[in-house]
Amino acid sequence: MGAIRLENVKKTFGTIDVIPGVDLDINDGEFVVFVGPSGCGKSTLLRLIAGLEDVTDGKILIDGIDVANEPPAKRGLSMVFQSYALYPHMTVYNNIAFGLKMAGESKAVIKEKVQNAAKILNLTDYLERRPGALSGGQRQRVAIGRAIVRNPAAFLFDEPLSNLDAALRVNMRLEITGLHQDLKTTMIYVTHDQVEAMTMADKIVVLQAGRVEQVGKPMDLYSNPANKFVAGFIGSPKMNFLGGDYAKKHNCYEIGIRPEHFTISTESGDIAATVKIAEHLGAETYLHINADGVGPMTVRATGEVPLSEHDKIWLTPEPDRIHRFDAQGTALAKQ
Amino acid sequence: MENKQTVLGHIGFSIFAWIVGLLIFFPIFWMVLTSFKTELEAVSMPPAFFDFDWTLENYAEVQARSDYFRFALNSVILSVGSTLVGLLFAVPCAWAMAFNPTKRTKDTLLWMLSTKMMPPVGVLVPIYLVFRDWGLLDTRFGLIMVLFLMNLPIMVWMLYTYFKEIPSDILEAARMDGATLLKEIIFVLLPMAVPGIASTMLLNIILAWNEAFWTLNLTTADAAPLTAFIASYSSPEGLFWAKLSAASTLAVAPILIIGWFSQKQLVRGLTFGAVK
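Which chain is which? The protein sequence lines are A and B, in order.
When we follow the working numbering, the leftmost residue of the first sequence carries the number 1, and every step to the right adds one.
When we follow the working numbering, the leftmost residue of the second sequence carries the number 1, and every step to the right adds one.
Chain A extracted, bound-state conformation (with noise of 0.2 Å):
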């Protein structure tokens, strides 16, 4: 069981709110992925819940105990570190190892669970090495491996994948999902990248300044942000927002419009433009473009597009897909 519930939970540094105060309900078995930019907050409420930090108020409810005031060991969680955080002096064996060891298991107990989370995770071969000798991906994994055998109520990822290259990423991001679906555990996942965020989450925390921004699923966040600032940042390419006539248009203070969401045309359309650069990936195509009246844009269009720089071509946004705001960047109804 993990379900994990966070009421009214403060954080201040010195004289700094670095959490002015998060409510969250996460369910038992839930992937929730908290996202924002650097700063916001997000790794900071993670080590919250770890107990890696102390809160300045509020309550942090595990399966309905408050366990705020409880020692990290206390809590039942395991966490995997943005650096794996592995113990170098120990061969991999003793370092999934360790936390049976602390918790008093016998031995024969902890030769079964360690050699069936190295099972698990690809990492029989390896047991006897030391972390100095494993690659980065391996060296996840124990870290993973180490989290998985405590058998934990709920499993902390602290950005567990940016310290890998592109094409590992890709990789470990699966593994992590499959992992999840096979164990069925909650986890609390942070990430800056929006990409893991829509990928992986059953349920993704928008953070922005130690507030919640929205919570809600991924598509929802894509098709109804709450706001500019989610708007922004969930969807890649990243939204355009228009103001002045084309706002005053559909009565609010500013329109945004994801770059897949407009029709291109040659001939005409509702905003004439000029096309800087031309990125041809072909399954798809980004036009990066100079909007009279609006300035730059960024159009994705499927498919290859016979566009380059120079080309005159005219957008007309998709109307059902047009987020209006108001002057606080609160989003509207859709008209």
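Calculated from the model, a selection of chain A residues having no Cβ within reach of chain B, i.e. all distances over 12 Å: (1) Gln115; (2) Asp165; (3) Leu168; (4) Thr330.
Derived Cβ-Cβ restraints for the label pairs, each shown as a range: (5) A/Asp125 with B/Phe29: 53 to 59 Å; (6) B/Ser14 with A/Ile16: 53 to 59 Å; (7) B/Pro191 with A/Ser162: 24 to 30 Å.
Read the hints as simulated data drawn from the structure, not as lab findings.
C-beta atoms are modelled at their ideal positions from N, C-alpha and C, and glycine is treated no differently.
Here the structure of chain A is known, so what remains is to put chain B in place on it, guided by the hints.
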């Protein structure tokens, strides 16, 4: 042209370094040489370098007259003892400062170091009186306490710089794994800091071994280490250079040998954190 100048510069510096090195080494070399001479040759002018009658009689006489091994044993007990007691205090202290710093940690460190700038003679009388009243004069225990307190600031500083290099993530991982504070220090921090602890211990053994002020003032016979052994030759037998040299050679030999074999470790320890 420029290359040639650099090469010449390197040669110049090398020669200079050798001269400085030899100048520093010469007194030790001369002491060792004198210890193998007769008393007459030891004071002869011009001094003989190698063409004298090599003899071991000074060593035999020194051992016969004053029991070298008793002093040596005291030196070992005092230096190793004070270092081990020091570690017991310095490790938790450095751990706290490196991993749980407060805004006053830097000040505390500087304050600790500043105590090393005080001339020890300034506190000789109070400490002597305390020793006298508590019956600690000429006891190994008393001297271990003084030596450990004298070197504690340096031990804390060295361990602190070492611990600072250890990522706190790893200690936090241990905490997540359910390790108590003591287990975290014993099973994770200490094994990772072995090189740092080794060089800290070495340096402190050397410092305690060579410490002459407190060992001379607070001991007479029972707890007297090798410093007192040399000193006993310097005043009443001041003219017997050869025997004094033999005694001094015997006193510095163990630490010189340890120092020689561990110099890599020592240099690394002393410059740790300064260069990465």
